[in-house]
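Protein chains: 2
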Amino acid sequence: MEKFMHALQFAAYKHRFQKRKDLDGTPYINHPIGVAYILSNEAGIKDFDLLAAALLHDTIEDTETTLGELEQEFGPRIAGIVAELTDDKNLPKAERKRLQIVNAGQLTSDAIVVRLADKIYNLRDLNRSTPVGWSEERVEEYFQWSSKVARQLFGHNVQLDTILKDLFLQRNIRFD
Amino acid sequence: MEKFMHALQFAAYKHRFQKRKDLDGTPYINHPIGVAYILSNEAGIKDFDLLAAALLHDTIEDTETTLGELEQEFGPRIAGIVAELTDDKNLPKAERKRLQIVNAGQLTSDAIVVRLADKIYNLRDLNRSTPVGWSEERVEEYFQWSSKVARQLFGHNVQLDTILKDLFLQRNIRFD
Ligand SMILES: [Mn+2]
Ligand SMILES: [Mn+2]
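Chains as they are written, first to last, in UniProt numbering: chain A, 1 to 176; chain B, 1 to 176.
Hints are computed from structural coordinates only; laboratory data are not their basis.
If you're wondering where the values come from, they're calculated on a predicted model, not measured in any experiment.
One should not assume that every hint holds.
Pairs count within a copy or across copies, as identical chains cannot be separated in the list.
Here are the simulated lysine to aspartate or glutamate pairs, EDC-like style, with alpha carbons at most 20 Å apart [to be verified]: (1) Lys93 with Glu137; (2) Lys89 with Glu61; (3) Lys3 with Asp110; (4) Lys3 with Glu42; (5) Lys93 with Asp62.
Here chain A stands alone, though its shape is the one from the complex:
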């Protein structure tokens, strides 16, 4: 629990200059908080280290946080989950998105549930409000891409699988 509280403080501080892409300019920290909340509230997860990893999941990718820093502050398990979930920002965006599909099978179960909750948050966010500058086609493509990632990850948490399948079904994306 001490680690979880530290992760909360740490993530809020690291993301303090960032906003989400919605019209409201929601503070970025609301996203990792929402991902942790999906895991707690909808997936029934009570493992504080995993919830801490959810709070931290975008810190390496989107702030100047390093893996070494996370290892030092939070230990190898939490840092490892975040590392698994970090895209390589040196690669072009299309390649990063391709790699999320290709590499999905190598993720640990810990990283998978955080990634599924991350996808749920982002898809609900797209349903709620179209990001500034996004066309309907881009939204549709995001759902298609997310479904290709998710397809590789089903089978680790039945609640998360059900929520995602419903979100895809609303866009006529099926998995049978």
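Following the hints, position chain B with the ligands against chain A.
Just chain B with the ligands, lined up with the frame of chain A:
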């Protein structure tokens, strides 16, 4: 723990449009998170309901949240602590500040530790960066006023008392 996670999500959502008064325009939610973190990390508090109340402590005062809403979502204890910590915004600011001193003696021990952590966060924030539009006199007055509130509240948590007395001592405010 479910209530705590719900409080986190709820507070982040309710404060999503607000910023702190610092030059960086830090998201407001970083403040309640920081107050909860002081209680966990520096005061050794492990009571999740109390930490949830810390996350929610400014929701009634600074957002459209009602006491009834908090009672319904979080039950009487958490809602009660937040209610104790809510200034009456119908009153002029000077009167609200006077009442914090006068009414300090009526607070429960739960509310007192949250208020002490709130003061610690705000005083550290003032030491770190002067809010936009504040003169050095105004900062000094804020320390003086805070010391008058704090003086009524000492004796409930030795760690918090020590931190506050140090912060005041740096401004030559003593309590003997
Ligand atoms: Mn994310
Ligand atoms: Mn406050």
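| task | Output the numbers, in ascending order, of every earlier hint that fails for this structure. | result | Going through the list in order, the structure violates no hint and respects every one.
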